[in-house]
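Student: Just so you know, the protein sequences line up as chains A and B, in that order.
Numbering-wise (the working numbering), the first sequence opens with residue 1 and increments by one.
Numbering-wise (the working numbering), the second sequence opens with residue 128 and increments by one.
Wrong hints could be hidden among the right ones.
[To be verified] In silico negatives: residues of chain B with every beta carbon more than 10 Å from chain A:
| # | residue |
| --- | --- |
| 1 | 137 |
| 2 | 149 |
| 3 | 217 |
| 4 | 266 |
[To be verified] Partner residues aside, some chain A positions facing chain B, computed with beta carbon under 10 Å:
| # | residue |
| --- | --- |
| 5 | 25 |
| 6 | 47 |
| 7 | 61 |
| 8 | 65 |
| 9 | 68 |
| 10 | 69 |
| 11 | 107 |
In short, the hints are calculated from the structure, not lab data.
Built from N, CA and C at the ideal position, the CB exists for glycine as well.
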Amino acid sequence: MKFKSAKIVSLSDILFTVIISAAGILIFAFLGANAAHDAVRVVFKQDGEVVASIPADAETLYEINGEYRNVFQISDGEVSVRYTNCPDKSCVRMGTIDSGGEVIVCAPNKVSVYIEGIDGEIDAYTG
Amino acid sequence: MKLTLIRADKSKKLILSAVLTALALILSLVDASLSSMLPIVPGAKLGLANLVTLFAIYALGLPYALMITVIRGTLTALMSGNITMLLFSLGGGIVSVFVMYALKNALSIVKVSVCAGIAHNLIQLAAAIFVTDTVNLIYYAPVLICAGAICGFATGAIVNVILRRLKDYTLMKNEQRSY
Chain A
1 MKFKSAKIVS LSDILFTVII SAAGILIFAF LGANAAHDAV RVVFKQDGEV VASIPADAET
61 LYEINGEYRN VFQISDGEVS VRYTNCPDKS CVRMGTIDSG GEVIVCAPNK VSVYIEGIDG
121 EIDAYTG
Chain B
128 MKLTLIRADK SKKLILSAVL TALALILSLV DASLSSMLPI VPGAKLGLAN LVTLFAIYAL
188 GLPYALMITV IRGTLTALMS GNITMLLFSL GGGIVSVFVM YALKNALSIV KVSVCAGIAH
248 NLIQLAAAIF VTDTVNLIYY APVLICAGAI CGFATGAIVN VILRRLKDYT LMKNEQRSY
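Chain B extracted, bound-state conformation (with noise of 0.2 Å):
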């Protein structure tokens, strides 16, 4: 699906991008406490905190998602206070924006958020292997997809709504009026 992005100066930009981020953050403290209580599949968090990355990266995009998601992560790391959680927090963002980012021209956000949420688990999963250094751990890659497809098929439509609800209102207007 390919979508205009926002045409706002730089600044304009900037500000959003911080009051994501910051929701962003929200977001993963709350996922962080949903997902606890949720005892499917543990170790894979509900993922909202994409919501916010995915959104950006649609109507900011590249550098912007990126910048939300690193500051974000980092961020999530220093709250937890677990060094070895920047590891997980980080890789899983980082790649998963890139997933986005290559794939959002060719595919609907429904399934370019199922890929991300995929890619984000496994990556995580690699972290876990690499950081444990327990290769049977794989053994546990099928549930954290199964788990990532769904949870990515719940951002992406819910990012589908607030784009389309989004683009006759203020966001993207913005550049209409003049300062």
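Excised from the complex, chain A in its bound form (with noise of 0.2 Å):
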């Protein structure tokens, strides 16, 4: 192949990209669409180890100390990151979950919060 003669990008580079990006899009709606459980309860996890467990429509705070902290606010069935100090703010940004199966996590402090829906098939994974 002639490197001079070849375009920076081929169409068969963009149809490549272009099927793989759709078909994780297609992938995500379906899972999307058979995660929507109602919440029920909101675990939190550090090292792997269940540290609490609340009811989803609790109205309050809850803090985690790592590494870092994580302060965690649980308010109209939603959960969502309040605080952190750790520099990524990955957790911050992951934004507000508020269906079965959702998780939020921050890795670099090794915290996870997910949700458990109403059919109770996530605690499958828990262990």
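Since each chain sits alone in its own frame, please combine them into the complex, following the hints.
Tutor: Below, the structure written as structure tokens:
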């Protein structure tokens, strides 16, 4: 293949990328539709251990102190990260979760929060 | 896409990899602050440092690309002051180097870059699942595949341009000079 005559991006490159991205979006939409259970409990994990399980209809703040500090807010059945001193801040940017199976993680702090839905199928994952 | 490696002596290659490592380190710091301004896919990075890795694997070969990635990953983790991050920066980086190496003679640069970007993101997701022991996180995988594909596409296109321009200039012609 002659390098000089090749285009920077060929049509097959574009198709390749678009098809893979589209597949990703479709699978996500499909999984999202399947995961839409009402929130029942909010479960907090640190270092792989469940440290707290709070009813999703509570109005409260929950704080986890590890290598960093995470303050979670539970309000109107929605969970979000109110504050963290972790420099990465991806947990804050993960926004608000409100239905069964959804997760917020703070990987540097080894902390995760997920919502258990109605039918308890999420329980199977927790081991 | 098959390209010839830079045919320079070992010390010249070593110096070039040192410069590239510094560049990769700067790019990953820029990447970290840029990515936190884009609230589209939290946790996913633009993968600017992959520009350097991709360039290195085509221009210098596997050992140098691997060396650059490992040193860059270690330094990034040390700078962030969190040992857990070492798992993320090294794991994703090393796997994507091997993906690039495995595919580089079979596919075009852009496709190689797309695959490497996806592999990078998925390994980081696997690391996050492992570290937090939260299997539910797997539902995030399709978004990361999508983000990895788009960022990989951009990275691939840029490296394609860089390699093509450099082919006619300094780096590739060095060996013709007499010292």
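Student: Hint by hint, which ones does this structure get wrong, listed from lowest number up?
Tutor: Of the numbered hints given earlier, those the structure breaks are 4, 7, 8 and 10, listed in rising order.
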